[in-house]
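K.L.:
These are the residues of each chain, in order.
There are 2 protein chains.
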Amino acid sequence: MKIIVLKFGGTSVGTTDRIKKVAKIIAKYKKKYNVIVLSSAMSGVTNNLINLSKKISKNFSDSEYDVLVSSGEQMSCALISGELINKGFNARSWMSWQIPINTEGKYKFSRINKINKNQIVNYLKKGGIPIITGFQGINNKNRITTIGRGGTDASAIMFAKFFNAEKCIIYTDVDGVYSTDPNKLKTAKKIKVISYEEMLEMASLGAKVMQPHSIQDARLNRVDIEVRSSFTDNEGTLITKRKNIINNKIITGISNTMNDAKVTLLGVRDKPGIAASIFKPLSENFINVDMVVQNISANGKETDLTFTIKSDDLSKTKRIILQNKKINFRDLIFDKNVSKVSIIGVGMVTTPGVTYRMFQSLARQKINIQVISTSEIKISVLIDKKNVRKAISSLHKEFQLNK
Amino acid sequence: MKIIVLKFGGTSVGTTDRIKKVAKIIAKYKKKYNVIVLSSAMSGVTNNLINLSKKISKNFSDSEYDVLVSSGEQMSCALISGELINKGFNARSWMSWQIPINTEGKYKFSRINKINKNQIVNYLKKGGIPIITGFQGINNKNRITTIGRGGTDASAIMFAKFFNAEKCIIYTDVDGVYSTDPNKLKTAKKIKVISYEEMLEMASLGAKVMQPHSIQDARLNRVDIEVRSSFTDNEGTLITKRKNIINNKIITGISNTMNDAKVTLLGVRDKPGIAASIFKPLSENFINVDMVVQNISANGKETDLTFTIKSDDLSKTKRIILQNKKINFRDLIFDKNVSKVSIIGVGMVTTPGVTYRMFQSLARQKINIQVISTSEIKISVLIDKKNVRKAISSLHKEFQLNK
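Line order of the protein sequences matches chains S and Z.
First residue of the first sequence: 23, per the working numbering; consecutive thereafter.
First residue of the second sequence: 23, per the working numbering; consecutive thereafter.
Here chain S stands alone, though its shape is the one from the complex (with noise of 0.2 Å):
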């Protein structure tokens, strides 16, 4: 009998009407597979707990964080497995240590890097549902690590990848990735089937579903993963390798940032080595600079800079500009009011022309394109963020993704 993994995030386990829905949805595929479950906490519960820490100090111990905030999981684990139980069902929880899951790295961030497999195989050979808690394993000091947040999503991986299992199905409380976000376009429609590389760049630029290191932990182990929603019985978006995709689409989805800033230096003295000058001192800052665009100067001496980071970072960004000595510019403007939108479809590689489609639909609806950026599977533009639901339906419409 073939395994499937079920991963259950926080909203999905959130009250115990939720849990009891969440067993149906494990019975159903019981039927048919053999089940590992890999389950979030409670919605609510690992921010109540971080808050504890906090209230306690702001430096509060990354070990015991690790301790403090994985009770949460054996917490859910217990409640699924009770009522798998209490259904008829052979089930029970299965804490990190007791399988174990062992990591390696720093506490907080941690890696799964083995899973030993002896006691849920035979756990599973004799019928049993293992229920087990996400997020976290122990390493090599016995002692209990988290993966960071979000983190249960690559524990699950992590077992599709060791158990060989045919999919990896992330039950979430949306009911899957969308050719753009559906409040800001009507027409959105579901996307059923989606590259890692697409999915990474969907993730990345704004669309909530999956951390994008879960993605690529996918991506890198060849696990397919389906995420729906626990919430509906509708079918979710399958997100597997490329050449698994038989799609006649171009694009495949669009998506947006709301949180980007536009830093512009005018008349920087243009000598080499002077970008570098610029954006060293924010890399060592940890200010990740995005998309980059240089004029050409004109008489050789002078040049305008301009680049995108995440709005959060601007005063920082701002200071470190304005303290950096190497450099020589006559005036610095920021921009809050932008926003970047990208086309995204492993489409775009074989066909030509989409790029001039892009700017030509936008052009028609008298968008000015800030700065461009492109990469193999995508091309984004920084427009005005007034514009950005014109864009977007505009952009949708060009590349029939209603369709």
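Hints listed in this document are in silico derivations from the structure and should not be mistaken for laboratory results.
Possibly wrong hints are sitting among the right ones.
27 Å max Cα-Cα, derived DSS-like pairs, lysine-lysine [claimed, not checked]: (1) S/K340 with S/K408; (2) Z/K52 with S/K163; (3) Z/K136 with S/K52.
For each label pair, taking beta carbons as the anchor points, the in silico distance ranges come out as [as the list claims (entries may be wrong)]: (4) Z/K46 with S/I355: 52 to 62 Å; (5) Z/I267 with S/K128: 28 to 38 Å; (6) S/P122 with Z/K128: 50 to 60 Å.
Cβ atoms here follow ideal geometry from the backbone N, Cα and C, with glycine treated the same way.
Guided by the hints, dock chain Z onto chain S, whose structure is given.
P.N.:
Chain Z alone, transformed into the frame defined by chain S:
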């Protein structure tokens, strides 16, 4: 350096402010001792977890119940350790599976049978303060077990035993054991030293400081216990061996019950084995009969039988007696307006006239004694509930407990 075991109950760690106070208490002992700490869950947490299990099912799985509720101590131990680390101490939380603490018996009602000392001994040698989850352990299947409510006292006593600790200090929200309930009598005095046996009588008769089975554990393992409050700096009550006590009082304390009921069968046909016929079905239904008195039958044919039970068992008892076809009686009378008042003291063994003084003191207050029972260190009388305060006050004065 000698070892001391500190136990903190739920109210002592009920908030992060209380946990900071607990850390200060621990720090104080650390100057003189190797300190081992056992903690309960924050007050309210265990009840919340139990309520969640009840929402899932009234017959929630025992093994998963233990997984669920034991998460509370994981939380509190992480928070205490975090605070101590923050204050510069070498502290860490120890889960029962990390030590491990081995238990035997059923889920929910296990008993600690072994504590593996090695790791804790090494940790103490390095100056560490272990903060250990109370109320739980692991069984021979490597699964989490709990040892019943109030079980952290039992955990602490077992650590004191296995580590040969000088003392086990139980921090709670009352500051010791009193000569009688201070809510009933303002002149009640805190008892400085009390024997296990007296404390057992005090506990089972209504003093809610410690569970009787924990005191019994301490007695069997010859562990000295100090009960004191984490809310004040007042000295507490030492519970120890009889021979450690140089006590010039005949009576140590007075306790009373408020949930007893008196049952009287009038005109019972007096034949051999009649008492057994009455009490056997009660015992089979787990109804605990406490005081018993049988009048001498005048004519040798009929007698009146009176006994006490817990009020909660009253309707059940009534049903069982009425359905009992082996017995004949004229009438059945119930009285819930009774209370058992007891004087307790190891001193009474060697002091004649205690019973007389007790009866005389009550007689002076015109308090009628309905039933009497005695043990080596206790005399109990059943009286009308309305006379309880008067009786306690009179006996307190008679045996000079307010001095």
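K.L.:
Give a verdict on every hint.
P.N.:
Now for the hints, and whether the structure bears them out:
1. S/K340 with S/K408: 24 Å, holds
2. Z/K52 with S/K163: This hinted pair holds, its Cα atoms lying about 25 Å apart.
3. Z/K136 with S/K52: Status violated; Cα separation ~39 Å.
4. Z/K46 with S/I355: 52 to 62 Å: Roughly 54 Å apart at Cβ, these two residues keep to the hinted range, so it holds.
5. Z/I267 with S/K128: 28 to 38 Å: 54 Å, violated
6. S/P122 with Z/K128: 50 to 60 Å: 26 Å, violated
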